[in-house]
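Undergrad: All chains, full assembly: derive it from the sequences and hints.
This is what each chain is made of:
Protein chains: 2
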Amino acid sequence: MPVNLQPPVHLLPVPGVRLGVADAAIKHAGRNDLMVVELAAGSRVAGVFTRNAFAAAPVHLCRERLAAGAAVRGLVFNSGNANAATGSGGLEDARRTTAAVAQALGVAADAVLPFSTGVIGQRLPLARMIAAIPAAAADLRADAWLDAARAIMTTDTVPKGASRQVTLSDGSVVAVTGIAKGVGMICPDMGTTLSFIATDARLTAAAVQQCLHTAVAGSFNSITVDGDTSTNDSCVLAATARSGGAEIDTASPDYVAVAAAIAAVCLTLAQAMVRDGEGASKFIAIDVGGGRNLEEVRKVAYSIAHSPLVKTALYAGDANWGRIVMAIGKAGVEALDPATVDVALDDVPLIHHGEPHPGYAEDKGAAVVGRKEFTIHIGLGRGPARTTVWTCDLGHDYVKINAEYRT
Amino acid sequence: MPVNLQPPVHLLPVPGVRLGVADAAIKHAGRNDLMVVELAAGSRVAGVFTRNAFAAAPVHLCRERLAAGAAVRGLVFNSGNANAATGSGGLEDARRTTAAVAQALGVAADAVLPFSTGVIGQRLPLARMIAAIPAAAADLRADAWLDAARAIMTTDTVPKGASRQVTLSDGSVVAVTGIAKGVGMICPDMGTTLSFIATDARLTAAAVQQCLHTAVAGSFNSITVDGDTSTNDSCVLAATARSGGAEIDTASPDYVAVAAAIAAVCLTLAQAMVRDGEGASKFIAIDVGGGRNLEEVRKVAYSIAHSPLVKTALYAGDANWGRIVMAIGKAGVEALDPATVDVALDDVPLIHHGEPHPGYAEDKGAAVVGRKEFTIHIGLGRGPARTTVWTCDLGHDYVKINAEYRT
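Chains as they are written, first to last, in this note's numbering: chain X, 60 to 466; chain Z, 60 to 466.
Be a bit skeptical, because a hint or two may be false.
Unchecked claim - Below, a list of computed lysine-lysine pairs in the DSS-like style, where the Cα atoms sit at most 30 Å apart:
| hint | chain 1 | residue 1 | chain 2 | residue 2 |
| --- | --- | --- | --- | --- |
| 1 | X | Lys86 | X | Lys459 |
| 2 | X | Lys431 | Z | Lys459 |
| 3 | Z | Lys431 | Z | Lys459 |
| 4 | X | Lys459 | Z | Lys431 |
| 5 | Z | Lys86 | Z | Lys459 |
| 6 | Z | Lys459 | X | Lys459 |
| 7 | Z | Lys86 | X | Lys423 |
| 8 | X | Lys86 | Z | Lys423 |
| 9 | X | Lys459 | Z | Lys423 |
| 10 | X | Lys459 | X | Lys431 |
| 11 | Z | Lys423 | X | Lys423 |
Since the hints were derived computationally from the structure, they do not count as laboratory data.
TA: Structure (structure tokens):
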């Protein structure tokens, strides 16, 4: 069961964006597993992708087309097959899928970007996918965001989406809506996170890039379920410019508000992934401050977030601070002095200057880690850098999901 | 149950080394939890210790005394309490413990090194320990290695020890015997690996250092159970020189044979830790070759060995190669080209040049990962560097042990 996560009831349409879904029976029939997005002419699109060296074929094609400056008019997503580790044949499959979508939308062949998630190492069922594309194109609707969120799910237990509205300085209102999937690289052979965010704000190409990178750094790149990086991770932001009004560049007065709304949507989506993380029973923020630089506070935060010993203790509701201290100490921070380190669980001080806080008692820590959501605060006491990452616990259901899925 | 691991039946005495044990009721009474080693005058001792920034008090004292060139004559080990995160009081406790041992052995106060493993963050029960030291000293015997191995166990299910004999070029025979504990940073608040290896070979101080560093790199520093580095890891090698004969320096003809025996003892001990790893049901070697340098082959090997997705699949007997490929790809190897990567499970080729091997079938892979012991072979195809690391799987018992220990 996801931790304090309700599926979205309504997602705001974004002028200039229509979405359609179809059943291509990619893994098995009976659900919509193909999703097509149509973007208005003039949309500006940016993407960030997995750094995994075994990046999937659709990731390669996205990178190639964005680097070439393609005027993106369409996106095609499928669940059930990751089209990863499929070699040159897989790349050709991705090209042919996007060509079929381009034809259905009446746009140039290089104007469509592909996204896949599912089994690694199997070729796409190309004939079935191409046969289903006209149905998805015929289904295009401005209010289909929730259907789209469902179509990209793999083993997510709930669809994930979020919307925000921003009132610009000229009084006009723009929408930001995003959807995502992924709850860890959770199932045998499954790819992981895909997300798509759109706004009708008239952002410049540079502003789209900047918004996406800032938002991703503080959201998708600040979460972890199991520390495993998929071959298919992709996040795309499209700005359709349908709001009209003045162009918004990174120096414009409205930039901060729009960027903040995009970041808020990304954070909600990223946190939803963790709340629905495999076998998760707790949602944990790890807040690390007092570092010399961002690199070292991230090292400490991820060292805790990835430690199976910390995660199993939190699952058990055990305020096992020896493991937290161990994880801080092994993070590889240069010349870290324990005598400046503080640790607290929510508002309960635990370690003060490297030693147990005199007021600490086991029952106080246990009360915090018994909660469904809490924060581990770390102070390194050696500088101004701070960061937060979000993770979940590691329990029996994680092993069950990941060990027993194919058996 | 440990994987293919029998407790040692007999460990060779090492001339110049006597060991004694006592019950100091450190965590609870009823077992020997204090162990004292007496080393002959003239012994040369080297140690390697955890790099965790929260290194325990005994680690600090060991480092201080070895750096000062202390003529080490005694070691004192305790289980049940790690004396970690105990601040200046903990350091004083370690000093007082070693002073009591020095008095019992009739050696200088700085000639004793301390080693602790157990609960983090609690002060040692100093009075009970000091009261038990005379009994341990009175128990000193050359043939007490197995009793010593039992006294340092925490949640190990079997004691760990190994012996080798080496015939030197002058026809004399020297012994190498080692003991170790640790099966992961396995229990709430437990420190982890401790190991002690001794030989009567007449190694120079430089040769002792060199032997230890070489042996540790290929053994204790090439294993992982959960990727978590304890605050107390320590490994000490003592050469008593009781064999007589010519001194053995790193350039001596007998050096290689003695160093090889020491490395073999360390490897057996390190592998025993993995075989007895928390909840382990399989013992897995990860052999990575074809790298440009040692750093990158180690990155790939540990990326696989630490991946919870790979470990849960192996637990399930699932030859889930998509996860292996994912772990190779996320290892952070600069400009890794999937098209040169090969993967095999024992003698079954799985990936050839980045794509599924044409002869691979699911049942062939399943037959290998169904074994209790097997090797994952990775070829990166870009250089001469090679390494092997050893790990175990991750199953329900891991979560049970680590989540439910204190409840």
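Undergrad: Now look at each hint and say whether the structure bears it out.
TA: Verification of the supplied hints:
| no. | hint | in the structure |
| --- | --- | --- |
| 1 | X:Lys86 / X:Lys459 | holds, 22 Å |
| 2 | X:Lys431 / Z:Lys459 | holds, 20 Å |
| 3 | Z:Lys431 / Z:Lys459 | holds, 21 Å |
| 4 | X:Lys459 / Z:Lys431 | holds, 20 Å |
| 5 | Z:Lys86 / Z:Lys459 | holds, 22 Å |
| 6 | Z:Lys459 / X:Lys459 | holds, 13 Å |
| 7 | Z:Lys86 / X:Lys423 | holds, 23 Å |
| 8 | X:Lys86 / Z:Lys423 | holds, 23 Å |
| 9 | X:Lys459 / Z:Lys423 | holds, 24 Å |
| 10 | X:Lys459 / X:Lys431 | holds, 21 Å |
| 11 | Z:Lys423 / X:Lys423 | violated, 53 Å |
Going through the hint list in order, the structure does not satisfy hint 11, though it satisfies all others.
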